[in-house]
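Below are the chains, spelled out letter by letter.
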Amino acid sequence: MNGHGLQLCLAFSSLLFCVGLAGSLSRSNSILVLLGIELMLNAANLNFIAFWRYGQAPAPATGVIFVAFSVAVAAAEAAVGLALVIAVYRRQKNIRLQEAVRLKG
Amino acid sequence: MTTALLILISLVTLGAAATAMVLRNLIHSVLLLIGSWIGVSVFYLWAGAEFVAFAQVLVYVGAVSMVVLFAVLLTRRSRSDISVSRDSASRAISAVLVGACVLGVLLYGVVFSALPNPGARRPNASVHQLGMELLGPHAASLIIIGMILTVATLGGVVIASAEAGAKTEDPS
Numbered sequence: 072m073n074g075h076g077l078q079l080c081l082a083f084s085s086l087l088f089c090v091g092l093a094g095s096l097s098r099s100n101s102i103l104v105l106l107g108i109e110l111m112l113n114a115a116n117l118n119f120i121a122f123w124r125y126g127q128a129p130a131p132a133t134g135v136i137f138v139a140f141s142v143a144v145a146a147a148e149a150a151v152g153l154a155l156v157i158a159v160y161r162r163q164k165n166i167r168l169q170e171a172v173r174l175k176g
Numbered sequence: 748m749t750t751a752l753l754i755l756i757s758l759v760t761l762g763a764a765a766t767a768m769v770l771r772n773l774i775h776s777v778l779l780l781i782g783s784w785i786g787v788s789v790f791y792l793w794a795g796a797e798f799v800a801f802a803q804v805l806v807y808v809g810a811v812s813m814v815v816l817f818a819v820l821l822t823r824r825s826r827s828d829i830s831v832s833r834d835s836a837s838r839a840i841s842a843v844l845v846g847a848c849v850l851g852v853l854l855y856g857v858v859f860s861a862l863p864n865p866g867a868r869r870p871n872a873s874v875h876q877l878g879m880e881l882l883g884p885h886a887a888s889l890i891i892i893g894m895i896l897t898v899a900t901l902g903g904v905v906i907a908s909a910e911a912g913a914k915t916e917d918p919s
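One line per chain: the protein sequences are Y and H, in this order.
Residue 72 is where the first sequence starts when you use the numbering used here, and the numbers rise one by one after that.
Residue 748 is where the second sequence starts when you use the numbering used here, and the numbers rise one by one after that.
FYI, nobody ran anything at the bench for these hints, they're computed from the structure.
Please read all numbers here as calculations on a predicted model, not as lab measurements.
Heads up, the beta-carbon is just placed ideally off N, CA and C, and yes, glycines get one too.
Please note: incorrect hints may appear among the correct ones.
Derived DEER-like restraints, expressed as beta-carbon distance ranges [unchecked claim]: (1) Y:ALA115 <-> H:PHE801: 33 to 43 Å; (2) H:SER837 <-> Y:PRO131: 43 to 53 Å; (3) H:PHE859 <-> Y:ASN165: 44 to 54 Å; (4) Y:PRO131 <-> H:ALA887: 38 to 48 Å; (5) H:ARG824 <-> Y:ALA115: 34 to 44 Å; (6) Y:ASN165 <-> H:LEU896: 28 to 38 Å; (7) Y:ALA115 <-> H:SER837: 27 to 37 Å; (8) H:ARG824 <-> Y:LEU79: 41 to 51 Å; (9) H:ALA751 <-> Y:LEU168: 37 to 47 Å; (10) Y:LEU79 <-> H:LEU901: 36 to 46 Å.
Covered stretches of chain H, as calculated for chain Y (at least 3 residues, CB under 8 Å) [stated by the list, open to error]: (11) 778-784; (12) 811-824; (13) 848-856; (14) 890-898.
Go ahead and model the full structure; you've got the sequences and the hints to work with.
Written as structure tokens, this is what we have:
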């Protein structure tokens, strides 16, 4: 069973990506859309770790460092996204995506 | 044994994520998503990347979840507002269709491509080694990431803070 580890990891991350994609496309609450995008980012990080574990890396720590940077960028993205949600709520009293149709404040 | 463990981890993570995406109560969704983030960090532990697992727990389970919960609580008007209204069925069906198509393409690529498989090789990246790499060849990117985080946090504060003295006009 050891020969299919990489395939299993990649299938896991594909499934997680598609759950995030379907969730962020189907919901109209902007917080849930942001959370779906976070799930997709997590799936991409799973891919990095899977290839680090099973592939031929040029340096032993490349995948781990890439994921650490990616997690930092994802944290920044979440902070800015939720600040935008709060700003939209203050202006429109609603966070449904269909009603946030004006960019100008 | 390790394969069974991987399948168990992925089932728990995917179940939590999928349930969170269909629930109508926002707080329940966020709590289930925290569970799925914990599952992802358990996967990192399984793969031998302890540093990333701890970073995942600190950043996602600790910080991002709190930010999301505060955003949920700050953007509701009444106590009953926490459960979102049902979305349209056609939207959900088309989203699931898109997700299934993307999943088919991805799984086709995963199953039918020749992937390297050196077996049970386990690269060991100790924290000491990581620190040397981060402060040696990757020092510039570390500084850039710090700048991005600082600027993003400041931008978030500026966007979310109420303008003092600005009169609220009708959004109509």
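Are PHE859 of chain H and ASN165 of chain Y spaced within 44 to 54 Å by their CB atoms? At roughly 46 Å between Cβ atoms, ASN165 of chain Y and PHE859 of chain H fall inside 44 to 54 Å, so the hint holds.
For the segment 778-784 of chain H, count the residues whose Cβ lies under 8 Å from any Cβ of chain Y; is that count three or more? This one holds; 3 residues, not fewer than the three required, reach chain Y with a Cβ under 8 Å.
Coverage of the segment 848-856 of chain H by chain Y (three or more Cβ within 8 Å): Check passed, 4 qualifying residues.
Are at least 3 residues of the segment 890-898 of chain H within less than 8 Å of chain Y when you compare beta carbons? It holds: at least three residues are needed, and the segment 890-898 of chain H offers 3 whose Cβ sits within less than 8 Å of chain Y.
Distance restraint hint 37 to 47 Å, applied to the beta-carbon atoms of ALA751 of chain H and LEU168 of chain Y: holds, 41 Å
Consistency of beta-carbon spacing, ALA115 of chain Y to ARG824 of chain H, with hint 34 to 44 Å: Given range 34 to 44 Å: holds, Cβ gap about 35 Å.
C-beta pair ASN165 of chain Y, LEU896 of chain H: status relative to the range 28 to 38 Å that was hinted: holds, 30 Å
Just to be sure I understand the hint, the distance between the Cβ atoms of SER837 of chain H and PRO131 of chain Y should be within 43 to 53 Å; is that true here? Holds, at about 50 Å.
Taking 33 to 43 Å as the stated bounds, is the beta-carbon spacing between ALA115 of chain Y and PHE801 of chain H within them? Violated, at about 19 Å.
Given coverage of the segment 811-824 of chain H by chain Y, checked by CB-CB distance under 8 Å (3 or more): Check passed, 9 qualifying residues.
PRO131 of chain Y versus ALA887 of chain H beta-carbon gap, inside 38 to 48 Å or not: Between PRO131 of chain Y and ALA887 of chain H, where Cβ atoms are some 20 Å apart, the hint is violated.
Range hint 36 to 46 Å: satisfied by the CB atoms of LEU79 of chain Y and LEU901 of chain H? Given about 42 Å between the Cβ atoms, the range holds.
Taken one by one, the earlier hints fail for this structure at numbers 1 and 4, listed in ascending order.
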